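Asker: Read off the chains here:
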Amino acid sequence: MHIKPFIYVLLCGGLLGVLACTSQPQGHCQVAQKLGEAHFAVYTPLTPMEGAACADKELKAERIGFETYQLPGQSQIGIAWRTETLQQRFDAAVEAHVWSAEKAQEESISLNVVADYSSKPDAENRCYVFDDNNPADPRSFGLVKEFVDDGVSPTTTYVYEWRDVVVYSLPASPGQLVEGEVSYSMREEGGSTCTGVYSFVALWPAYGCNSDEDCEPSVRGQAGSPINPDFAGSLQCHLLKAVEGLPKEEKAGYCTIVGSAEALIQKLAE
Amino acid sequence: MHHTLLRWARWALLAFVAQAGVAWAQSSSVFVGTVRDALNKEPVSDVIVIVTAPEKLGEEIVVTDDTGSYRVSQLPPGTYKLRFEKENYRSFEREGVLLDSHKTLRVNIEMAPSAIDAEEEVVVGRTPVIDVGSATVGMVANEEFFRKIPLTRPAYNFSGATVFDAAAEATPGVRNDALGYSIAGTTSPENAVFVDGLSVANPGTGVLGTFFSAEFMQDVSVISGGFMPEYGRTTGGIISGTTKSGSNELRGSIFSTFSPGFLTGNRQSIDNLASQYGSRNKLLYSGEFGFDLGGPIIKDKLWFYVGFAPSMVKYNINTWYSRFDSERSTEDFPVFERLQSSVRDHQRADNRTYSYIAKLSYQPASNHNLSLQIFGAPSEAGGYGRWPAALGDWSFPYGAYQDSITMGRVQEDSRDLLLKYAGSFWNKQFLVDAHLGWHHQRNRFFPDDNSKIGATSGMSSQPQVWVNEDIEMTRLAEWGHIYLSEDDRRLCQNNPGTCVVDGFWFGGIAPSDTKLDRVSAKAMGTLLFQAAGHHVMKAGLNVDFLLMDSLYAIPGGRDVRGTYGHDGTDYYYYYYDAYRYGVLIGPDYFREDPYSRSQPKSLTYGAFIQDSWSIFDKVTLNVGVRWDQQQLYDSSNKLALVIANQWSPRAGLVYDFMQNGKSKIFANYARLYETVPLSIIENSFPGRRRGGYYYYNPSDCDFANEDVREAFGRCVRAENRYSMSGGAPNPSQYAFAANNQSTLVDPNLKAQSTDEIVAGIEYEVFDNASLGFSYTRRYMNHVIEDMSRDDGYTYFIGNPGDGIAKEFPKAVRNYNAFTLNFRKVFSGLWFAQASYTYATLKGNYSGLFKPETSELNPNATTDFDYLVLSANRNGYLPLDLRHNIRAQVAKEFELSKKMSLGLSLSYYGISGAPTNAFGTYKDNWGQVFITPRASGERLPWQHSINAGLKFNVRLDKERVLSIGGTVFNVFNFKAVTSIDEQFTYYNVFPSGAKTPGDICFADTCTADNPNALRGTDGEVLPSSVKNKNFGRPTSYQVPISARLEARVTF
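Protein chains in written order, with my numbering: chain A, 1 to 270; chain B, 1 to 1050.
Hints are computed from structural coordinates only; laboratory data are not their basis.
Since we're looking at a predicted model, the values are computed, not measured.
Just so you know, not all the hints are guaranteed correct.
Here are the computed lysine-lysine pairs in the BS3-like style, where the Cα-Cα straight-line distance is at most 27 Å [said to hold, decoys possible]:
#  : chain 1 : residue 1 : chain 2 : residue 2
1  : A       : K120      : B       : K810
2  : B       : K428      : A       : K34
3  : B       : K750      : A       : K248
4  : A       : K34       : B       : K299
5  : A       : K267      : B       : K806
6  : A       : K120      : B       : K806
7  : B       : K299      : B       : K148
8  : A       : K267      : B       : K750
9  : B       : K897      : B       : K148
10 : B       : K538      : B       : K515
11 : B       : K898      : A       : K267
12 : A       : K251      : B       : K810
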C-alpha cells in the first residue's frame, strides 16, 4: 500500500472534490498517426510562384506524416512531421548513393520538422506548434526545413517554411485535421529559385480515391472510407492524376475536405 | 483494440475449455409481527418479545407498541426462538424459525389470557417462509444447504474447494459464464461480491477476487433483482456471504472432501480439423481439508472464530502432434493420424489454494457489537514442472503450439481485513452499522524457473518468439522444441506438407505482477418510527478507494514475431520486434523501458436514503434514492475519467394480501449504475506504451538453433532495421509505437446503467413451503465503451449511439425472464427447491465480459470498435439461456437415535446457447458477424443429475460424524457445450447471408450475390478460406465425477 493515494482521497474526496470533479477532464493535444499512414494536405496558393520556369513547380497536394512525442509524466510534448515530396526525393537519393541502412537512418531523420506542441487544446480545440524561444505567441514563428537533394540529378534544394500550423484535437476528431501556411521554395542546380506561399488543410487518414463517392465514410454496417463520419458531405476526391488507364490497385488521388477545417470543427463542437 | 488481451483470449480459447451494490451490515435480517389477544383479537401492547438463536450473541428484547406491533432488526441469519411474555397472558414460544440474511419475516401470534384455563398454549403463529418486507428476488444458501445440496462439481473453475459464490449455481435463472456467474442476463464482472459486507471483487476487472471457501460461511445470499437503494454499484447481481462467528459454546468441525481421478469419467476427445496439435486432460484428484473452531474468550463479551482449509486440484495432461493423412482425407473431412512418438503423457497441471479466517467479536455493552476479522484465499498454480490450472488469462493447458518448457506459474494472493460496528440507540429505535475494510490482491505470473521481472538470467530474460507461419514439424524436432522419432521424421519427410503446424511459440515467458487494493468505508443509520404505519428509514454513506499497481514485462525485453521463409534451398527468418515496452521520445528514437508500470486509481463516493413504510401495516412501500460518483485517475494521479450524476431512484411495493405473513405480491423498479473497473485506465489512459523496430536479416539470425538471447544480440542491430512505412512520409520510418496518447473522452459521457423491473407473487402453499412466480425485465440505458470513428486509427471513450458516438448503434441488452419457483425449507427432515426460468436475452452487448472472444476488458471491449462492423450484430446474445431448470431435493432418514442417512438429488437443465459465424477484421478474429447474430444452430440442452448419500453418526452429545459422497453427472451426459464459431480467419466484411449455410464463395456464386463472402479488399473469397473446423465441437460437458466427504462437527 502507498500512502500518497490516501492523501489524494482526502484532497478530492471532500465536498470540494465532489463539486469540482463533475465534468470530464480535458484531454491532451493529439495528432492522428500511424506508421505507414499519413494526412493528406491540399495547398491553396496565397502568393503563387512567379515566372514561366516555375509554372510546373507549384506545390499542389501531398501526404504529410505527423508524429507526437511525450515523456511519461511530463505534460510538455513534441511534434514532428515530414512531407511526401521530400520523402520521395530522399528514397531516390538512398538508392543513388547506395547508402547503408545505418546511413539512411541517420539521413532520414533530417527530413523532419521538429517543434514543441501544446499540451492542451484551447477553447476552440486548437493545438499549436511553437518553440520554446517564443512561447508568448505560439503562432508567430516559422519552422524552416531545408533539404538539399544531391543524389539525383539535378541537385535540388527545397525549403519549406511553416507558419501558423494548427492541429484540431477534440474527442470527436483527435488530430484528424491540420491547417496552416507554408512558404515553399525550390531551386534546381543551375536554375532559378521558385517561391510560393500557400495555405493548406490536411485530412487524416490519406485515403486513396477515384471519385467523390469513394470518400464517403463508413456508416453503420456499410463499408466506406475510414474518414470521420462527421465529415460526410464535406468530402471530395482530390485527383493527382487521370483516373483512366490506372491499374486497379492504384488510386488517382486522395480524399480531402471542402472548405476550412475550422468550420468543420466548429460544427462538431456545437 | 487491445491485442494483448485478444492474444491471451486466443490462447485461452484454443485451449480445451473446462466446461462450458453494496450489501450493508450482514446482521440485516428482521422479524416483524403483531400480537393479538386470542379472545377478542385486539392488539396487545407492551408484550415483551425475546429473540434468541445459537448464531446470535446475547438476546434481543423489544416491546410491542400500541398497535401490538413489534420489530426486531439487525439480526444475523440463524435458527431463532421467539418468546412472548406479558402479565396475565400465558407465555408463548416459537422455536426453529429459520431466518435468512437480508430477509424480513412476519411472525404474527395470538396470546391466550391466563384467565382462560387452557390446557396448553395455543399456537396461532407459525414458521413463516415469505419475506414480506421486500421485493427482492434471489435465494439464500445457509450452512445446512451447503452441507446437504451438492454444489459445483469437483475441480470447478480449477478449485479444490467449493467457493462461497457457488450459491449462485442453485439460484433461479442464474447460469455460468467463463469467469463466474451470469445473473439476470448480465456478465460475471458486473456482479457485486461481498464477504461480511466487504467487496471482494477484483478492483481491476470486477470478477471475484477472493476465492474463499464456503466452509466458513454462515450463509450466502444471492440477490438477482429487486434492489433497494442500500444496494448499489452493480449492474449484475449481488452475491453476499456472511461468515460464521464464535458464540458462548465451543463449536467447530474438521472436514475433508476428496475427488479421486479414478472415479472420474473420460473426457470426450476433441478433434480440431484445422489443427494438427491435440491435447487432453484428466483429473487426478481434487480436494479440500481443514477445520474451523469458534468459542468464547470471555463469556458474553469476547468471542473468536478461526478456520483454515487448504484445497488442491491436479490434472494429468497429454499432448500430441498429428500427421495429415492425405489418402484417407476428403476435401471436407481431413483425417489426421497421431504421431505416436510426439505423444507426451504424464504432464501435470495443478492449483493449490489456502482459505483462512480469524475473527474476533466483542460486545462491550449489550447494544454494541464490534468485530475484527482477517480472511483470504491465497493460491498458487503451476510451478515445479507443472502447468498452472487457474482461471483467467493463463487458463491451462495452453493447448496450442508451444515449447513445453515455456511453462508459467501463477501466484494469487488475496487477503481481506474488516472492522465492523453494529449498535442500537434510543431503545433500539435508532441503529448504526459501520465498517472499514481493506481488500488486497497480488496476482503474479512468472516462468517456472522463478525468474521474475528484470531478471538477467532464466526464462524472464529470454526473448519470446512467435513464429506466425506454417512450419514443418521436422524442423521443430531438429531445433529440439518437440520430439519425433526417426521413423516419424522419415514419415513426415517422405510426405512433405503433411506434418505442419501453423505457428509456434518458444523462448521466454512474460512475467507480470499486479497489486490491487480496495479501501472501503461505510456507515448507515436506521431509524424506526411510526406515522400512519411503521417506517424503517435508512440513510448511509459509502466511500470506496481502488488502487492498482501493475508491472508487465516482456521477457528478454522483447516480444519477437517472425516468419519462416524458404528461398528454394533453405529456410530463412524474417522477423520483427513485435514490441517492447517503452516510448517514442523523438523521430526514430524509441526509448526502451525494462517493464511497463501502471497505477490507476479510482474514488467512488455515494449516499442513499430510503424508507420502508408499512402503510397502516397493510402494504409496504419502499422508496428511496441513491447517488454515486466515481472519479478515475491515471498513473500520474491526474483525473482521467469522471462518472458523475449516478442518481438511482428505487421504488417498490409489497402487499401481504392475506396479512398473515403467508403471501405477497410485489413490484419493484430500480436503476443500477456500474462502478467502472480500473482496467479501462490501465488500457486507455494511456495503454501500456510499447513499440519497437522491424528487422530483416535472412542469413545471420538462426536463433532457433541457439540461445535466443545471443542470437538477438547479434541480429537486433541498427543495420538490420528496415522501414515499414511503405513510402508514407512518417517522421519515424523504422520505429513504431502504440498507446503513446491517452484516449479522449466524450465530454458528455453518461454513466453506464441498467433499469430493472421486477414483479411477482409468492404464496405459502403449505407449512414451510412457498410457491412463487416472478417476472424480471432489464435493459441498458447508456453503456461506456471505446470506439473508433476512423476504422481503428484513433479511439475515444463514449456512449454508443449518443453524444459524439451518435453514428454507432446504441448498446442494447434486453432481458426478459419468467420464473416459477418452489421452495420448502429444511424442516420435517426434508428440503426441496425447484425453479423453471424462461428467459430471453437479446441485443448487441453482453456486458463487461465479451463471451464471443473471451475478452475481459470492461468498458473497452471490441464490441463497438468499428462502425463498418455494426451489421448483423443484433440478436440473441451468448448468455441467452431460454430454458433453465434447477431442482434440489434433500431428505434425512433417521435410522436410529444415533444414526441418520441423508440423501440428496439435484438436477440442472439448461437449453443450449445460440451460435454465430464469425469472421476476422484487421487480423483480430471473432470480430465480424458474417451472418446475423445467433443465426447458427443452437447448442443442445445440457442436463446434469447429481446424487449424494451421507451417513451421520452422533458420537456423543456434541459430536457428529458424517461420511458420504456425491456423484456428479450421474448419467455421464456429454453434450456439446461449445463449437468453433470462427467461419474464417480471413479479413472479411459482414455478408447478406441469413445463416452460415447461405454464405457463398467465389467458386459457388457470382460476385453480385449478396450472400457472397467478401474480403476487406472487396473481392469475393474462395471456399478454401472457410475454417475446416467451423461448427465442430470445441468442448463437451464434464463427465461423471465423484466427491467423497468426511466431517466431524462438535
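Asker: Mind listing which of the numbered hints don't hold for this structure, in increasing order?
Answerer: 1, 2, 3, 4, 7, 10, 11 and 12
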